[in-house]
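To convert, note that position 40 of the sequence shown is 40 in the numbering used here; the numbers rise steadily by one, no gaps.
Fair warning: there could be bad hints in the mix.
Below, a list of computed lysine to any residue pairs in the SDA-like style, where the Cα atoms sit at most 20 Å apart [claimed, not checked]: (1) K249 with R184; (2) K71 with V237; (3) K71 with A198; (4) K249 with A90; (5) K71 with N102; (6) K71 with G46; (7) K249 with V237; (8) K249 with A344; (9) K249 with G124; (10) K249 with A187; (11) K249 with Q111; (12) K249 with S221; (13) K249 with V225; (14) K71 with H120; (15) K71 with I100; (16) K249 with G128; (17) K249 with P283; (18) K249 with D176; (19) K249 with V175; (20) K71 with A36; (21) K71 with M190; (22) K71 with P134; (23) K249 with Y183; (24) K71 with G173; (25) K249 with R219; (26) K249 with Q171; (27) K249 with M190; (28) K249 with N102; (29) K249 with V343; (30) K249 with G173; (31) K249 with G261; (32) K249 with Y98; (33) K249 with H340; (34) K249 with F280.
Label-pair ranges, simulated between beta-carbon atoms [to be verified]: (35) W70 with V101: 46 to 56 Å; (36) M190 with D312: 33 to 43 Å; (37) P342 with V277: 39 to 49 Å; (38) W307 with I334: 22 to 32 Å; (39) V343 with L107: 15 to 25 Å; (40) I76 with V175: 24 to 34 Å.
Hints listed in this document are in silico derivations from the structure and should not be mistaken for laboratory results. From a predicted model like this one, the values you see are computed outputs, not experimental measurements. Yeah, the Cβ is synthetic: ideal placement off N, Cα and C, and Gly gets one too.
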Amino acid sequence: MTDLLPSAGAGESLSAPSSASPISARASAPPGARRAVALWLMGVAGLVALMVVVGGITRLTESGLSIVYWKPVSGILPPLSQAAWEAEFALYRTSPEYMIVNRGMSLGEFQVIYWWEYGHRLLGRLIGLAFAVPLLGFALARRIPQGYGPRLLGLLALGGAQGAMGWYMVQSGLVDEPEVSQYRLAAHFMLAMAIFAALVWTALDLLRPQGDPPARAARASRPAVWVAAALLALIAVQLCAGAFVAGLKAGHVYNTWPLMGDRWLPFALWDLRPAWVNVFENPATVQFVHRMTGYALVAVSLGAGWWMVRRDEPVAGTALALAGVCLLQMTLGIATLLAHVPVALGAAHQAGGVAVLTLGMILLHQSLPAREPAHERQPQPGS
1 MTDLLPSAGA GESLSAPSSA SPISARASAP PGARRAVALW LMGVAGLVAL
51 MVVVGGITRL TESGLSIVYW KPVSGILPPL SQAAWEAEFA LYRTSPEYMI
101 VNRGMSLGEF QVIYWWEYGH RLLGRLIGLA FAVPLLGFAL ARRIPQGYGP
151 RLLGLLALGG AQGAMGWYMV QSGLVDEPEV SQYRLAAHFM LAMAIFAALV
201 WTALDLLRPQ GDPPARAARA SRPAVWVAAA LLALIAVQLC AGAFVAGLKA
251 GHVYNTWPLM GDRWLPFALW DLRPAWVNVF ENPATVQFVH RMTGYALVAV
301 SLGAGWWMVR RDEPVAGTAL ALAGVCLLQM TLGIATLLAH VPVALGAAHQ
351 AGGVAVLTLG MILLHQSLPA REPAHERQPQ PGS
């Protein structure tokens with residue numbers, strides 16, 4: 001069975017420098033560049049995972065609306081004096097959240113929620129620097145492997161879009177009702193997951209052994225590839241369902257298990273019209289969907305693991321690991337629900353979602369056949 005994380009091989013050729021731009025240069029990167037870039041991307045992915053967890057804590061502590069403006073550059077400094085804190089608090093007191101939910105809050109209480117939102121935003125800025133500065137360094141040193149420049153620039157653009165999406169989400173809670181739109185929250189969360197997935201996938205591409213026929217031969221069968229792809233798609237659906245649970249605070253609706261209240265199917269499932277709106281706007285239905293997709297994910301992952309072991313697929317070990325993590329994640333979700341969503345368990349459950357996504361990507365990546373860059377392919381006889 002293959003290892004969860006492959007190591008970079010030695011099939012990296014060294015060519016003369018090109019006159020093209022550093023990021024789009026046609027010359028091959030020097031030996032070791034693939035691994036260096038991959039490790040950097042893994043590090044940034046780790047920061048994004050941390051950002052997801054901190055974002056979850058910010059939401060669970062109801063801190064996300066404590067900063068009522070978006071200043072990407074000047075907003076990097078927090079209040080540094082009593083007068084600055086008073087001014088910041090005065091801004092917050094004009095918000096719907098203060099007037100409807102937190103009227104009478106003290107400055108000290110405000111500072112607690114302020115620091116969570118400030119930390120969330122600061123971490124976002126640090127991630128931007130952790131990506132952009134090394135990217136420039138790798139480009140100037142011509143250490144970006146051929147074909148990866150556009151992908152890395154695309155990731156940089158996605159990071160900028162995520163910052164704008166975060167503010168777009170916060171804006172929805174600064175008018176009338178002090179609740180962010182569940183649609184915008186889901187978009188913000190899924191974009192973060194997409195960035196994380198792209199970082200990890202690109203790193204796995206770079207770490208895959210190059211020019212190693214035995215490594216390329218031990219690949220999963222075509223049916224196993226389809227099973228792995230289906231699992232990853234189901235994971236994405238479950239993550240999105242979880243985002244809607246968070247956006248509607250649906251985890252507080254039915255804090256019982258396995259029943260929802262005293263029924264398997266609560267009466268409130270289809271209260272809204274048209275019926276499809278319930279899936280996105282009815283807390284009871286949203287929690288029900290998240291439960292059902294969770295059960296489906298555990299069942300499918302366990303079945304896939306058993307099936308791959310029976311077929312002696314080379315990725316069977318990873319499939320079993322994914323099934324185990326899915327089972328643990330469901331158990332954690334049930335515990336979070338029964339405990340009425342405490343901050344620690346809620347944050348752990350969100351981190352578990354990142355772990356499930358990571359293993360799902362590793363499984364699919366291992367299942368796919370290796371692809372060599374065009375400049376490294378060996379000419380076929382007679383060509």
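Hints, verified against the model:
no.: 1; hint: K249 with R184; result: 14 Å, holds
no.: 2; hint: K71 with V237; result: 33 Å, violated
no.: 3; hint: K71 with A198; result: 27 Å, violated
no.: 4; hint: K249 with A90; result: 28 Å, violated
no.: 5; hint: K71 with N102; result: 24 Å, violated
no.: 6; hint: K71 with G46; result: 25 Å, violated
no.: 7; hint: K249 with V237; result: 18 Å, holds
no.: 8; hint: K249 with A344; result: 16 Å, holds
no.: 9; hint: K249 with G124; result: 24 Å, violated
no.: 10; hint: K249 with A187; result: 16 Å, holds
no.: 11; hint: K249 with Q111; result: 24 Å, violated
no.: 12; hint: K249 with S221; result: 42 Å, violated
no.: 13; hint: K249 with V225; result: 36 Å, violated
no.: 14; hint: K71 with H120; result: 14 Å, holds
no.: 15; hint: K71 with I100; result: 25 Å, violated
no.: 16; hint: K249 with G128; result: 30 Å, violated
no.: 17; hint: K249 with P283; result: 7 Å, holds
no.: 18; hint: K249 with D176; result: 18 Å, holds
no.: 19; hint: K249 with V175; result: 19 Å, holds
no.: 20; hint: K71 with A36; result: 33 Å, violated
no.: 21; hint: K71 with M190; result: 23 Å, violated
no.: 22; hint: K71 with P134; result: 24 Å, violated
no.: 23; hint: K249 with Y183; result: 13 Å, holds
no.: 24; hint: K71 with G173; result: 17 Å, holds
no.: 25; hint: K249 with R219; result: 43 Å, violated
no.: 26; hint: K249 with Q171; result: 18 Å, holds
no.: 27; hint: K249 with M190; result: 17 Å, holds
no.: 28; hint: K249 with N102; result: 18 Å, holds
no.: 29; hint: K249 with V343; result: 13 Å, holds
no.: 30; hint: K249 with G173; result: 14 Å, holds
no.: 31; hint: K249 with G261; result: 16 Å, holds
no.: 32; hint: K249 with Y98; result: 19 Å, holds
no.: 33; hint: K249 with H340; result: 11 Å, holds
no.: 34; hint: K249 with F280; result: 12 Å, holds
no.: 35; hint: W70 with V101: 46 to 56 Å; result: 21 Å, violated
no.: 36; hint: M190 with D312: 33 to 43 Å; result: 35 Å, holds
no.: 37; hint: P342 with V277: 39 to 49 Å; result: 30 Å, violated
no.: 38; hint: W307 with I334: 22 to 32 Å; result: 26 Å, holds
no.: 39; hint: V343 with L107: 15 to 25 Å; result: 22 Å, holds
no.: 40; hint: I76 with V175: 24 to 34 Å; result: 26 Å, holds
Taken one by one, the earlier hints fail for this structure at numbers 2, 3, 4, 5, 6, 9, 11, 12, 13, 15, 16, 20, 21, 22, 25, 35, 37, listed in ascending order.
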